[in-house]
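Trainee: Each chain is listed here by its residues.
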Amino acid sequence: MISQKLNDQITRVGPGTAAGAVLRRYWQPAALVDEAQGENPVVPVNLLGERLVLLRGESGELVLKTRVTTPDESPAFYPDADAIDVLDDGPTYPVVEKKGIVFAYMGPGEAPEFPNFDCFRAPDSHVFAFKGLWECNWLQALEVGIDPAHASFLHRFLQDEDPEDSYGKQFRDKAAHTDMPMTQVLREYPRPDIEVEETEFGLKITALRHMENDLTHVRVTNQIFPEAICIPMSREMTITQWHVPIDDENCYWYTIFTSFAKPVDKDLMRAQRLKEHRLPDYAPLKNRSNNYHYDPEEQKSLTYTGMGLDINVHDQWAVEGLGRIQDRTREHLGRGDAAIVRYRLMLRKAIKAVENNKEDALPMRAGPVNGIVGPLSNDAIASTGDWKEASWQADMQRRAECPWDASV
Amino acid sequence: MMAVMDCAVWPVTGHAFEDILDGYFPLGESVRQMMARHGFASMWITLLHAPVMNIRGLPPTAPVPLSLPKTYSGMIDDMALVATQADDGVRLSGVGDWFWVDGREETETFPPSTRLGEPAFVRGIGVGGEAADANARATVALARRDVSRPLEAWLEEATGRLGWQASRAWGLGKPVSGIRRDTDDTPHALFGRRFEAPDRAAKASSHSSPLPANWDYLLVDLSADQPDEEALELARRL
Ligand SMILES: [Fe+2]
Chain S
1 MISQKLNDQI
11 TRVGPGTAAG
21 AVLRRYWQPA
31 ALVDEAQGEN
41 PVVPVNLLGE
51 RLVLLRGESG
61 ELVLKTRVTT
71 PDESPAFYPD
81 ADAIDVLDDG
91 PTYPVVEKKG
101 IVFAYMGPGE
111 APEFPNFDCF
121 RAPDSHVFAF
131 KGLWECNWLQ
141 ALEVGIDPAH
151 ASFLHRFLQD
161 EDPEDSYGKQ
171 FRDKAAHTDM
181 PMTQVLREYP
191 RPDIEVEETE
201 FGLKITALRH
211 MENDLTHVRV
221 TNQIFPEAIC
231 IPMSREMTIT
241 QWHVPIDDEN
251 CYWYTIFTSF
261 AKPVDKDLMR
271 AQRLKEHRLP
281 DYAPLKNRSN
291 NYHYDPEEQK
301 SLTYTGMGLD
311 INVHDQWAVE
321 GLGRIQDRTR
331 EHLGRGDAAI
341 VRYRLMLRKA
351 IKAVENNKED
361 ALPMRAGPVN
371 GIVGPLSNDA
381 IASTGDWKEA
391 SWQADMQRRA
401 ECPWDASV
Chain V
1 MMAVMDCAVW
11 PVTGHAFEDI
21 LDGYFPLGES
31 VRQMMARHGF
41 ASMWITLLHA
51 PVMNIRGLPP
61 TAPVPLSLPK
71 TYSGMIDDMA
81 LVATQADDGV
91 RLSGVGDWFW
101 VDGREETETF
111 PPSTRLGEPA
121 FVRGIGVGGE
131 AADANARATV
141 ALARRDVSRP
151 LEAWLEEATG
161 RLGWQASRAW
171 GLGKPVSGIR
181 RDTDDTPHAL
191 FGRRFEAPDR
201 AAKASSHSSP
211 LPANWDYLLV
221 DLSADQPDEE
231 ALELARRL
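Residue numbers (the numbering used here), protein chains in the order written: chain S, 1 to 408; chain V, 1 to 238.
Just so you know, these hints were derived from the structure itself, not from any lab. Check the hints yourself; a few may be wrong.
Here's a subset of chain S near chain V, in silico, CB distances under 10 Å, partners left out [claimed, not checked]:
id: 1; residue: Leu6
id: 2; residue: Leu62
id: 3; residue: Thr66
id: 4; residue: Val68
id: 5; residue: Thr70
id: 6; residue: Ile325
id: 7; residue: Arg328
id: 8; residue: Glu331
id: 9; residue: Leu333
id: 10; residue: Gly334
id: 11; residue: Arg335
id: 12; residue: Ala338
id: 13; residue: Val341
id: 14; residue: Leu347
id: 15; residue: Arg348
id: 16; residue: Lys349
Only pairs whose alpha carbons sit at most 20 Å apart, straight line, appear in this in silico DMTMM-like list of lysine to aspartate or glutamate [stated by the list, open to error]:
id: 17; chain 1: S; residue 1: Lys352; chain 2: V; residue 2: Asp88
id: 18; chain 1: S; residue 1: Lys98; chain 2: S; residue 2: Asp85
id: 19; chain 1: S; residue 1: Lys5; chain 2: V; residue 2: Asp182
id: 20; chain 1: S; residue 1: Lys65; chain 2: S; residue 2: Asp80
id: 21; chain 1: S; residue 1: Lys349; chain 2: V; residue 2: Asp97
id: 22; chain 1: S; residue 1: Lys300; chain 2: S; residue 2: Glu188
id: 23; chain 1: S; residue 1: Lys98; chain 2: S; residue 2: Asp267
id: 24; chain 1: S; residue 1: Lys204; chain 2: V; residue 2: Glu229
id: 25; chain 1: S; residue 1: Lys388; chain 2: V; residue 2: Asp228
id: 26; chain 1: S; residue 1: Lys358; chain 2: V; residue 2: Asp77
Quick caveat, the model's predicted, so the values are computed rather than measured. Each residue gets a CB set at the ideal place from its N, CA and C atoms; glycine is no exception.
Taking the hints into account, I'd like the entire structure generated from these sequences.
Mentor: The following block contains the structure:
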């Protein structure tokens, strides 16, 4: 329970806001490379409360410029290229293409270097990027991603699917090197112990599910400051996901799926996701207007939410259901929300640092970041006394077997 | 009493720790519960950027409110607290900076009945309330200043006497009553300063004297060779 003023401080992101000033100190996903096809792309971009357009600048490189808008435009408004007019006296922001995403730097001074995370290090053949619209504030979208307990409820599957059909989907693989589907682990052990550690990039979040026979399921996920998470998707892939504000009340998730051993089947991954989203604004087909396809019959036998097998829809419903900007005057966090508590502390520290012109105090803004690798992000099952080492070994093995340099 | 009295250092059971103070209860109650969870008799903690609330007319014993209606909301920018067990709960003292968002009249002291607006992450050192087992290596010690000697020399010697290579020491200054605003004349000059033991390390003390009531320095072991790596890591992060 924090006052509206304190909620505004950590949620609002337009020009001149406290949290917006922090986000502007980092590269922001602005568009998918998929959107910027052709010789001279003209792509509308709605980012951090600013109405922009991605196009080629005078010297031929992609830049973000301000576009002319009308007050009645919807937040994710996506006009045709020929209906876009550039506002000549607006700011111009630099962009870079990386692994299927066009990143923009909208802050003052020099843009920071990119850290050497797996998603940036993997060859193009081993990554795939996609995005989707959520109609809510970015912070609540991020906070569901750093709550390791929610998967046991929100993503509870009442039956386990054959893991052979699991390609490209989350939580449907077998857990670690066992025959137990992840869905069963999450369902049967819903109360993880949660350990949170501050790292040079953000937070390392470890969820421990103590099982029978002195075994422990260890799931390591990460918060990458300011607004991304890195989590395991399957034994083969990780998800690095940014929750990028369109404005205060809408955001896009941008994900880079990163594969260790095998190249990503991009056509299959894209087709799976395009079936659930419309173009050109990547709005999900299941949404508030159609009750997220909620089916009470399905809920009796298949999923906790009754909203089908796509866990993205569950998360979308959960975070959009909090309202456009979560009312934190009515919120009760517990110690199980350890990662959320730690994240808000980091965000408030960063807000203070920017206010005091101490940008060096921001994560990944002081000194070289090319040594920041990983992060470790995996599921493992280990003897309870030995989980730390086992979790590390499981990740090292995957990295050692990988054809690209994933060493840490 | 004992030979150690010339240095006035007491190795105690205890350790550096990290934890989360529950939100929504009065601060004093959350602190009491944290001490009970860890079995501490005293502890020193720091907290940063922690939202607080003061709901008008809500008694400290009232249950956690469901929403934040007419209220004063604020933020602890930073605060260092010493909590000690007392017959009627815990006694809290400390220094800090805080503000009230809605312009509440600023007070000189921070009432321990103030409720946290969120759970708050803390780092600190907890003390079990007993002298350390003479045969076990203690990683925390209490000390009482020997005012007749230079402070640094005294803390260096204390570090050696504990059998440690290095320590960090927190000076708690003159005992303050309640939680006071951090002003320039608040005497806590040794906030987390590091001390090396002199080459000629004195023998570790062992004694059974009662613990001091008015300890004013808290020392934690920073020796690289201590057996518990996690304890060292926690101490380093303080
Ligand atoms: Fe989720």
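Trainee: Against each hint, give a clear statement of whether it holds in the structure.
Mentor: Hint by hint, here is what the structure shows:
1. Leu6: 6 Å, holds
2. Leu62: With a minimum Cβ separation of about 38 Å from chain V (threshold 10 Å), the hint on leucine 62 (chain S) is violated.
3. Thr66: 33 Å, violated
4. Val68: 38 Å, violated
5. Thr70: Not OK, violated: threonine 70 (chain S) not within 10 Å of chain V, min 36 Å.
6. Ile325: Cβ of isoleucine 325 (chain S) sits 15 Å from chain V, so the hint is violated.
7. Arg328: 9 Å, holds
8. Glu331: Holds: closest Cβ of chain V sits about 8 Å from glutamate 331 (chain S), inside 10 Å.
9. Leu333: 5 Å, holds
10. Gly334: For glycine 334 (chain S), the interface hint holds, since the closest Cβ of chain V sits about 7 Å away, which is under 10 Å.
11. Arg335: With a minimum Cβ separation of about 5 Å from chain V (threshold 10 Å), the hint on arginine 335 (chain S) holds.
12. Ala338: Where the cut-off is 10 Å and the nearest Cβ of chain V is about 6 Å from alanine 338 (chain S), the hint holds.
13. Val341: Status holds, d = 5 Å.
14. Leu347: 9 Å, holds
15. Arg348: Since the shortest Cβ distance to chain V is 4 Å, the answer is holds.
16. Lys349: 6 Å, holds
17. S:Lys352 x V:Asp88: Violated: lysine 352 (chain S) and aspartate 88 (chain V) sit about 37 Å apart, past 20 Å.
18. S:Lys98 x S:Asp85: 26 Å, violated
19. S:Lys5 x V:Asp182: The hint is violated at about 25 Å.
20. S:Lys65 x S:Asp80: Cα-Cα ~16 Å, so holds.
21. S:Lys349 x V:Asp97: The hint holds at about 14 Å.
22. S:Lys300 x S:Glu188: 17 Å, holds
23. S:Lys98 x S:Asp267: 19 Å, holds
24. S:Lys204 x V:Glu229: 19 Å, holds
25. S:Lys388 x V:Asp228: 16 Å, holds
26. S:Lys358 x V:Asp77: 16 Å, holds
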